[in-house]
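The residues making up each chain are set out below.
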Amino acid sequence: MKHSGTQRTIGRLLPTLVLIASAVFFAFPLLAMARFAFQNLQVIDLGWNNLFEKWSISSVTASFSDDFFAEALTLSLKLAVGTALFTLGLLIPTAVWVHLRLPKARVFVEFLTILPYVIPAIALVAGIVVVKPHARWFLNSDYSLIPFYVVLALPFTYRSIDTGLRAIDLKVLVEASRSLGSTWVATLLRVVIPNLRAAIISSTFLTVAVVLGEYTISDVLLKRTFPSFMAQYRQSDPRGGYALAILALLGTTLLFVAIGVLSKSRSARKQQPSRSQENEILV
Amino acid sequence: MAFTHTSPKKVEGVVATAAAPSFFSVLRRVSAWSGLIPFFLFLILFLFIPAVSVFSQALHDADGSFGFSAMREAISGQNLDAFIFSLKFSAGAASVGVVVGGFLAYAAATATRPRWLRNIVSSFSGVAANMGGLPLAFAFLSLLGRQGLGTKILNAFGWDLYAGDFKLGEVSGLITVYSYFNIPLMVLVTLPAIDGLKTSWREACANLGGSAWTYWRRVGLPILAPSLLGGFLLLFANSFSAYATARQLTDNSKIVPLRISFFLGGDISIGEDAVGYSLAAWMIILMGISMAAYWLLRRRAERWSHS
Amino acid sequence: MTSLSFTGIRKTFGTTVALESLDLALQPGELVSLLGPSGCGKTTALRIAAGFEIPDTGVVSLGENVITDTPAHRRNMGMVFQSYSLFPNLTVAQNVEFGLRNRKVEKVKRNSRVGEMLELVQLSDLGKRYPHQLSGGQQQRVALARALAVQPEVLLLDEPLSALDAKVRATLRDEIRRIQTELKTTTLFVTHDQDEALAISDRIGVMSNGRLEQLGTPEDVYLRPASPFVARFVGSINELPNVNGSGQILVRPEDVTISVDENELTMRGTVTRVTFQGPVTIISVRVDVVDQLINVHAASGSVHTEVGDRVSVAVAPGRGIIEAA
Chain G
1 MKHSGTQRTI GRLLPTLVLI ASAVFFAFPL LAMARFAFQN LQVIDLGWNN LFEKWSISSV
61 TASFSDDFFA EALTLSLKLA VGTALFTLGL LIPTAVWVHL RLPKARVFVE FLTILPYVIP
121 AIALVAGIVV VKPHARWFLN SDYSLIPFYV VLALPFTYRS IDTGLRAIDL KVLVEASRSL
181 GSTWVATLLR VVIPNLRAAI ISSTFLTVAV VLGEYTISDV LLKRTFPSFM AQYRQSDPRG
241 GYALAILALL GTTLLFVAIG VLSKSRSARK QQPSRSQENE ILV
Chain Z
1 MAFTHTSPKK VEGVVATAAA PSFFSVLRRV SAWSGLIPFF LFLILFLFIP AVSVFSQALH
61 DADGSFGFSA MREAISGQNL DAFIFSLKFS AGAASVGVVV GGFLAYAAAT ATRPRWLRNI
121 VSSFSGVAAN MGGLPLAFAF LSLLGRQGLG TKILNAFGWD LYAGDFKLGE VSGLITVYSY
181 FNIPLMVLVT LPAIDGLKTS WREACANLGG SAWTYWRRVG LPILAPSLLG GFLLLFANSF
241 SAYATARQLT DNSKIVPLRI SFFLGGDISI GEDAVGYSLA AWMIILMGIS MAAYWLLRRR
301 AERWSHS
Chain C
1 MTSLSFTGIR KTFGTTVALE SLDLALQPGE LVSLLGPSGC GKTTALRIAA GFEIPDTGVV
61 SLGENVITDT PAHRRNMGMV FQSYSLFPNL TVAQNVEFGL RNRKVEKVKR NSRVGEMLEL
121 VQLSDLGKRY PHQLSGGQQQ RVALARALAV QPEVLLLDEP LSALDAKVRA TLRDEIRRIQ
181 TELKTTTLFV THDQDEALAI SDRIGVMSNG RLEQLGTPED VYLRPASPFV ARFVGSINEL
241 PNVNGSGQIL VRPEDVTISV DENELTMRGT VTRVTFQGPV TIISVRVDVV DQLINVHAAS
301 GSVHTEVGDR VSVAVAPGRG IIEAA
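Residue numbers (this note's numbering), protein chains in the order written: chain G, 1 to 283; chain Z, 1 to 307; chain C, 1 to 325.
Treat the hints with caution; some may be incorrect.
[To be verified] Using 27 Å as the maximum straight-line C-alpha spacing, the simulated DSSO-like pairs for lysine-lysine come out as follows:
1) Z:Lys198 to C:Lys104
2) C:Lys128 to C:Lys104
3) C:Lys109 to Z:Lys198
4) G:Lys54 to Z:Lys152
5) C:Lys128 to C:Lys109
[As the list claims (entries may be wrong)] Ranges of calculated distance between the beta carbons of each label pair, as one might list FRET restraints:
6) G:Ile20 to Z:Ala91: 26 to 36 Å
7) Z:Arg115 to C:Ala316: 54 to 64 Å
8) Z:Ala225 to G:Arg166: 20 to 30 Å
9) Z:Ala91 to C:Lys107: 55 to 65 Å
10) G:Gln42 to Z:Arg115: 39 to 49 Å
11) Z:Gly77 to G:Ser236: 30 to 40 Å
12) C:Asn111 to G:Ala258: 49 to 59 Å
13) C:Ala170 to Z:Ile285: 50 to 60 Å
14) Z:Ile285 to G:Arg166: 53 to 63 Å
[Claimed, not checked] Coverage of chain Z stretches by chain C, computed from C-beta distances (three or more under 8 Å per stretch; other residues unrestricted):
15) 191-202
16) 218-232
Simulated from the structure, these hints should not be mistaken for lab results.
C-beta atoms are modelled at their ideal positions from N, C-alpha and C, and glycine is treated no differently.
Can you build the whole structure from these sequences, using the hints too?
Structure, rendered in structure tokens:
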């Protein structure tokens, strides 16, 4: 909708200001953290003249040699992969089933997937503590975190897969595949999953982001994940702790940029309403 | 299991006796729901059992028998103060998130230049909303903590941030920090809603003599209202139940999730154990109400987007 | 009843030229259709009339007033969009009265006008329903009522029937025409469907690539196409070699004469298919000279041929349009 030149400029002024102010608000804490982590200079001593001195990444490289760094990082990565696989293995068949066989249940199932907001991490872990004596054999393993992480990521991951299924004409594809002689398993593997690539990728990355940032449950259950390690390391070396946090953030950011790039390239190939789809994947 | 749609009546007509039709239709319905068994089982084991366990521990009296005294104690005295404190700052954080996030979503959704703007905003929102508590807490400590970079900069401008009773662990500080993940979460929820505002509505309104203000007042905001309210509830629930961030910023036991962890960890007698669980139980109830309302609003919003 | 005119309107989007230089004048009370394939500029022209696009150069006039720079919400035109333009949060009645409320018409008058409009589109009982409870055809009727409620000087219709089922399309099309002639509203109707345009227009403007190829009555456009594009776009067309010169002749199937006689002015061919279609029989002939298939429409019973017969075909005198090679 076009008006005269001046009207147009004024109409864009407020949103532009909001965008700029937001950019500042979101950038500053990260910049402050990066400065604290990588510049070996206390804030009190900081002035215009020594702004570019004493920068190094030694704070984060020092943490690499900590005994528990490798252990914590590998554990978190393993948990991330495990959670992602568990999520896909549980949700893809479920979502497909709902779409094909039980459309009336869709609303109900969607409701179930927002329950993790009703029972947030702190309440969940309180319940786990109650059950602990009875399930010690299970909860002793570090990998017992996986199903709980699946629960935590559920609202995002289910929505992502559901959106992906809604974008393809699932019923028609499955019927075509079946009429050409494929079994259910073959249809799932050769028709459904390849068409869900974007949704699978984004829910995997979401899961990884959740796992790499999850602190509540692993803290209470005394598991040595990467976030726990970060918190602990910060006690002894604050600059190192912050540096690790930046590392984790960079990793997660790269993942999300990858999602953005991948979903854009996919929608460039198909002519689909990509925008709302891309955003619905994330919530 | 056959997927082609054979008419059940035909099948039943061949084999039917007077009672058979209902048997077949029940069988069909049961088998339809059976595909969801793995999912239900999973939720029962890893979501419902912990939740029920919380309640089972909460419903205890001081002597260990079944009763509501722990639940009552959990919302009285200092515990009540904690709930009120958490309610206040969660509502505040949610409000800030809704207003700023809503505006930001609108700015990003309607931006035509540069074209990568919207992607950056939504990608960044995805990161920030899922960032997890630790990096966020660390970042704000290094910015607005007593030794923070931002604090020093503000001092240079003559504003002593800590002159009043500002503390990162108090209401204003928490609201500031929580906005960092609330605003992006609001953007994620609101962008699809704003996309759903069809340009033809805006143009039809202008065509019928309405100004931009008329459009927003009579069409745009009413249609967005369920999404905005739903967003508020989502942000409220998110802020209320956040643990990791709060843990790194403060020991303030007036934040309900922290309070719960204090009760459950450390040396406390068994009776007080139940109070801790009761706090968690009340929190679940409060979150349940919020999310039920959120759910209803979201269904309402979806109804309009499909018209 | 007001006139609407475009003079020298040019519009580009980046490097694409949507409209080259449009000159078009609508007489008061007439219905002009802009007909053409997607991308031809017809929608752009309509949106410029509505005020949703500003032309690079040129003048848009409503009656004697130049409105090129008038903002959209002050143009007093009614517009019906392709789909989904009803405000979903308002009832049918509230939608229809929307423009009246903006003009501060008082409640009593508004209600009676809404009742009038709903009766005009034959939806009197549906005032309290919401758009999502209506069918596509009903929604478009409400959109029409809403646009007309404010007694606009010009009615703009942007492919209002494209999103509807075929059956609904035909009835609604005639309704629109009926209402338009009754109210004598100057109307600009954009469509890519030639049947629609031929059926309801006073005049048709055939457009292609940002240019107005022909502006004329439906008969003019069909019987006397001004350019090869118009000949091909409207109705069906045969392409025959031009035996009296170079290039080819574009001729309508019903303008080709067929007989078993032979003389040097006709072309010989073989009948490949005879399709009986009730009042008309379509005779497909493979012409010797260029090995091309043409279709001849003959009144059923006037010509008796069978597949395999040798026949002569010729372009009826004065018919067809020559396209240079």
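Now the hints, each set against the structure:
no. : hint                             : result
1   : Z:Lys198 to C:Lys104             : holds (26 Å)
2   : C:Lys128 to C:Lys104             : holds (22 Å)
3   : C:Lys109 to Z:Lys198             : violated (30 Å)
4   : G:Lys54 to Z:Lys152              : holds (19 Å)
5   : C:Lys128 to C:Lys109             : holds (18 Å)
6   : G:Ile20 to Z:Ala91: 26 to 36 Å   : holds (28 Å)
7   : Z:Arg115 to C:Ala316: 54 to 64 Å : holds (56 Å)
8   : Z:Ala225 to G:Arg166: 20 to 30 Å : holds (25 Å)
9   : Z:Ala91 to C:Lys107: 55 to 65 Å  : violated (39 Å)
10  : G:Gln42 to Z:Arg115: 39 to 49 Å  : holds (43 Å)
11  : Z:Gly77 to G:Ser236: 30 to 40 Å  : holds (38 Å)
12  : C:Asn111 to G:Ala258: 49 to 59 Å : holds (58 Å)
13  : C:Ala170 to Z:Ile285: 50 to 60 Å : holds (59 Å)
14  : Z:Ile285 to G:Arg166: 53 to 63 Å : violated (33 Å)
15  : 191-202                          : holds (count 3)
16  : 218-232                          : holds (count 4)
In this structure, the earlier hints numbered 3, 9 and 14 are contradicted, and the remaining ones agree with it.
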